[in-house]
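Using the sequences and the hints given, assemble the complete structure.
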Amino acid sequence: MNTIETATMDQDAVATGAVPAATDQAKKELDKDFETVGQVRVANPRMTTTAVNVYYGDKHAIKNVNLDIGANEVIAMIGPSGCGKSTYLRCLNRMNDTIDGCRVTGELKLDDQDIYDKKLDVVPLRARVGMVFQKPNPFPKSIYDNIAYGPRIHGLAANRTELDEIVETSLRKAGLWDEVKDRMDQPGTGLSGGQQQRLCIARTIAVSPEVILMDEPCSALDPIATAKVEELIDELRQNFTIAIVTHSMQQAARVSQRTAYFHLGNLVEVGETTQIFTNPTHKLTEDYITGRFG
Amino acid sequence: MDASDRRHIFSRFDGDLGGFRQLVLDMGQLACEQVQLGAEAVTYCDMQRARQVDDNYRAVRNLDMDLLEANAELLAIHQPVASDLRFMIMLSRTAYDLERINREATRLANLVEAHYADRISKVGCELFDDVMRMAETTGEMLQQALRAIADEQVQAGIEVVNSQEVVERLSQGALRRLATYIMQDPRNIPMVIDATIALKGLERVADHAVSIAKNLIYACSGKDVRHLSPLNLDPEFLRS
Chain L
1 MNTIETATMD
11 QDAVATGAVP
21 AATDQAKKEL
31 DKDFETVGQV
41 RVANPRMTTT
51 AVNVYYGDKH
61 AIKNVNLDIG
71 ANEVIAMIGP
81 SGCGKSTYLR
91 CLNRMNDTID
101 GCRVTGELKL
111 DDQDIYDKKL
121 DVVPLRARVG
131 MVFQKPNPFP
141 KSIYDNIAYG
151 PRIHGLAANR
161 TELDEIVETS
171 LRKAGLWDEV
181 KDRMDQPGTG
191 LSGGQQQRLC
201 IARTIAVSPE
211 VILMDEPCSA
221 LDPIATAKVE
231 ELIDELRQNF
241 TIAIVTHSMQ
251 QAARVSQRTA
261 YFHLGNLVEV
271 GETTQIFTNP
281 THKLTEDYIT
291 GRFG
Chain F
295 MDASDRRHIF
305 SRFDGDLGGF
315 RQLVLDMGQL
325 ACEQVQLGAE
335 AVTYCDMQRA
345 RQVDDNYRAV
355 RNLDMDLLEA
365 NAELLAIHQP
375 VASDLRFMIM
385 LSRTAYDLER
395 INREATRLAN
405 LVEAHYADRI
415 SKVGCELFDD
425 VMRMAETTGE
435 MLQQALRAIA
445 DEQVQAGIEV
455 VNSQEVVERL
465 SQGALRRLAT
475 YIMQDPRNIP
485 MVIDATIALK
495 GLERVADHAV
505 SIAKNLIYAC
515 SGKDVRHLSP
525 LNLDPEFLRS
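Line order of the protein sequences matches chains L and F. In this text, residue positions in the first sequence follow our numbering: the first is 1, and each later residue adds one. In this text, residue positions in the second sequence follow our numbering: the first is 295, and each later residue adds one.
One or more of the hints may lead you astray.
[Unchecked claim] Over the 10 Å line for every Cβ pair with chain F, so calculated as not near, a few chain L residues:
(1) Glu-35
(2) Met-95
(3) Glu-107
(4) Lys-109
(5) Ala-127
(6) Arg-128
(7) Leu-156
(8) Leu-163
(9) Arg-183
(10) Met-249
(11) Asn-279
[Stated by the list, open to error] From the structure, some residues in chain L lie toward chain F, with a derived Cβ separation under 7 Å:
(12) Phe-277
(13) Glu-286
(14) Ile-289
(15) Thr-290
[Stated by the list, open to error] Computed Cβ-Cβ distance ranges for the label pairs, DEER-style:
(16) L:Gln-250 <-> F:Asp-518: 22 to 32 Å
(17) F:His-521 <-> L:Pro-124: 51 to 61 Å
(18) F:His-521 <-> L:Asp-164: 57 to 67 Å
(19) F:Leu-369 <-> L:Ala-227: 16 to 26 Å
(20) L:Glu-231 <-> F:Lys-494: 50 to 60 Å
(21) L:Thr-189 <-> F:His-521: 50 to 60 Å
(22) F:Lys-494 <-> L:Gln-250: 27 to 37 Å
(23) F:Gly-516 <-> L:Asn-159: 50 to 60 Å
(24) F:Gly-516 <-> L:Ile-153: 44 to 54 Å
(25) L:Tyr-55 <-> F:His-521: 45 to 55 Å
(26) L:Glu-231 <-> F:Glu-430: 49 to 59 Å
(27) L:Thr-50 <-> F:Leu-522: 31 to 41 Å
These aren't lab readings, by the way, just hints derived from the structure by calculation. Virtual Cβ for every residue (Gly too), placed ideally from N, Cα, C.
Pasting the structure below:
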């Protein structure tokens, strides 16, 4: 989806009723000096974002967002279509750089390093902050080469033995090794949807990221494949930090420790997942998660 | 935002939740009638009222089963969160309290059946006046708690909780008066025992009304006040 489509999506979404039109009161609250409810900052953050604004041309898509991504946590981002959660997610590894007309301001840091520093090479950044997309997108290569590709180009393996080890470790961590170990030379595209998505996760893990970004990773999967990916997310949290965008509130409640609610480009509320889903503070959050719109 | 703006995006949810709430309120209304009937049965040694309480308990059981089914269906289909989830929890717990209240009413009726032959010649004895007073007070508490649920009014819930001390004072006064009946004439002992059992049963009804109110406060405010002293039920705390 290109810039123009994403930029106009929230207008269309409002017009068709797919996303609620904010009441006048809510719009005033959101547009002027809006302050996020809840704890945006955490101790020992892996990533910090301050005063982040994103523009698609004249369209102000993300408005002054402050948010920490804590180390070894899963943070879920929820909100109606067009609210900016995927746009924000893409800021974290500069994937918005690939969109014409997209401008990002503010401060975004990975372990105290400014990721929008002009001198920073984005290729290693995207290895450190990997991404898994909504539609599984394995390379048109063998299962082995899907995993090995990243370590090869980043020079992470000195020889074939080390590369084999990386491939096996990554597939084991993704819970896929036992299912594919006897057909590593077969094409990755020949796997089922759930297996392909886990292959993509293994591919991301293979380059030893610090943060994994997931943009609706289960929306194209059946319930069983979804459950496997969710369990995998829970295991991966031991070693990685994960930020996940999801339309499923039940999924956000199941997999995350913190949940951030976005609305019309604003970060409305962020807090512990249990608190957000049992007793949210902001009325907009309450209305969205209970399915009642003004 | 007015009430019409609070419609769920799935219209069936509001209907299902409203239906569940109405079932609970119906059970509550039945509980109020049962308590009143049971107290009157004991006070006036009225077998007809006592049998009415027993007969009505069938309707209570049926409602209880309908509630369990509706509860499971709502949770399975709609997976409520936030205020809806708290509301569901509150209604489920209220159903339990109401079933217990109905059982207390049945125990009152059983007192009449057990001692009818002994008591019938002594109908009209003012010894049971405190039972009716207690029944009126606890009945009013229960009605107020049910109204608080219907209107989702935290303040009304707080008032029910604070009424508990009125019940305690009534109970203590009644027990002192009952003691004097024993001192006057030991032949009053069986009736005093029945009156004491009835008073204790009505105290438990009041406890259940308070429990309903505290669950309502939780549903509306998100704060668990079940183990807070009534003096600490500050509306500011509930809003924080």
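Against the structure, the hints come out as follows:
Every Cβ of chain F is farther than 10 Å from the Cβ of Glu-35 (chain L); the closest lies at roughly 17 Å, confirming the non-interface assignment. Against chain F, the non-interface label of Met-95 (chain L) holds: every CB pair exceeds 10 Å, the least being about 31 Å. Listed as outside the interface, Glu-107 (chain L) is consistent with that label: its C-beta sits roughly 32 Å from the nearest C-beta of chain F, beyond the 10 Å cut-off. Remark: the non-interface label on Lys-109 (chain L) is consistent with the geometry, its nearest Cβ contact in chain F lying 33 Å away (cut-off 10 Å).
Every CB of chain F is more than 10 Å from the CB of Ala-127 (chain L) (nearest about 37 Å), matching its label as outside the interface. With a closest Cβ-Cβ approach of about 34 Å to chain F, Arg-128 (chain L) is found to remain outside the 10 Å limit, as its non-interface label requires. With 10 Å as the threshold on Cβ separation, the claim that Leu-156 (chain L) sits away from chain F holds: the shortest Cβ distance comes to roughly 43 Å. Interface exclusion of Leu-163 (chain L) from chain F stands, the closest Cβ pair being 45 Å apart, more than 10 Å.
No Cβ of chain F comes within 10 Å of the Cβ of Arg-183 (chain L); the nearest lies about 38 Å off, and the non-interface call holds. The beta carbon of Met-249 (chain L) sits about 7 Å from the closest Cβ of chain F, which is not more than 10 Å, so the claim that it is off the interface is violated. With a least CB separation of 3 Å from chain F, Asn-279 (chain L) falls inside the 10 Å interface cut-off, contrary to its annotation. With its C-beta approaching chain F no nearer than about 5 Å, Phe-277 (chain L) sits inside the 7 Å limit, and its interface hint holds.
With a cut of 7 Å, the hint placing Glu-286 (chain L) at the interface with chain F holds, because the nearest CB-to-CB distance is about 5 Å. At a threshold of 7 Å, the smallest CB-CB gap from Ile-289 (chain L) to chain F is about 5 Å, leaving the interface hint in force. Here the hint on Thr-290 (chain L) is kept, as its CB sits about 5 Å from the closest CB of chain F, short of 7 Å. Restraint check, Gln-250 (chain L) to Asp-518 (chain F): a C-beta distance of roughly 24 Å satisfies the suggested window 22 to 32 Å.
Look at His-521 (chain F) against Pro-124 (chain L): about 54 Å separates their beta carbons, and that is inside 51 to 61 Å. For His-521 (chain F) and Asp-164 (chain L), the Cβ-Cβ distance of about 59 Å falls inside the hinted range of 57 to 67 Å, so the restraint holds. For Leu-369 (chain F) and Ala-227 (chain L), the Cβ-Cβ distance of about 20 Å falls inside the hinted range of 16 to 26 Å, so the restraint holds. Under the hint 50 to 60 Å, the C-beta atoms of Glu-231 (chain L) and Lys-494 (chain F), about 52 Å apart, fit the expected range.
Taking 50 to 60 Å as the suggested C-beta distance range, the pair Thr-189 (chain L) and His-521 (chain F) conforms, at roughly 58 Å. Take Lys-494 (chain F) and Gln-250 (chain L): their Cβ atoms lie about 46 Å apart, and the range 27 to 37 Å is violated. Between Gly-516 (chain F) and Asn-159 (chain L) the CB atoms are about 59 Å apart, so this pair conforms to the stated range of 50 to 60 Å. Against the hinted window of 44 to 54 Å, the Cβ-Cβ separation of Gly-516 (chain F) and Ile-153 (chain L) comes to about 51 Å, which satisfies the hint.
Evaluation of the 45 to 55 Å hint for Tyr-55 (chain L) and His-521 (chain F) yields a pass: the beta carbon distance comes to about 52 Å. At about 58 Å, the CB distance of Glu-231 (chain L) to Glu-430 (chain F) agrees with the hint of 49 to 59 Å. Take Thr-50 (chain L) and Leu-522 (chain F): their Cβ atoms lie about 40 Å apart, and the range 31 to 41 Å holds.
Consistency with the previously given hints fails for numbers 10, 11, 22, ordered from lowest to highest.
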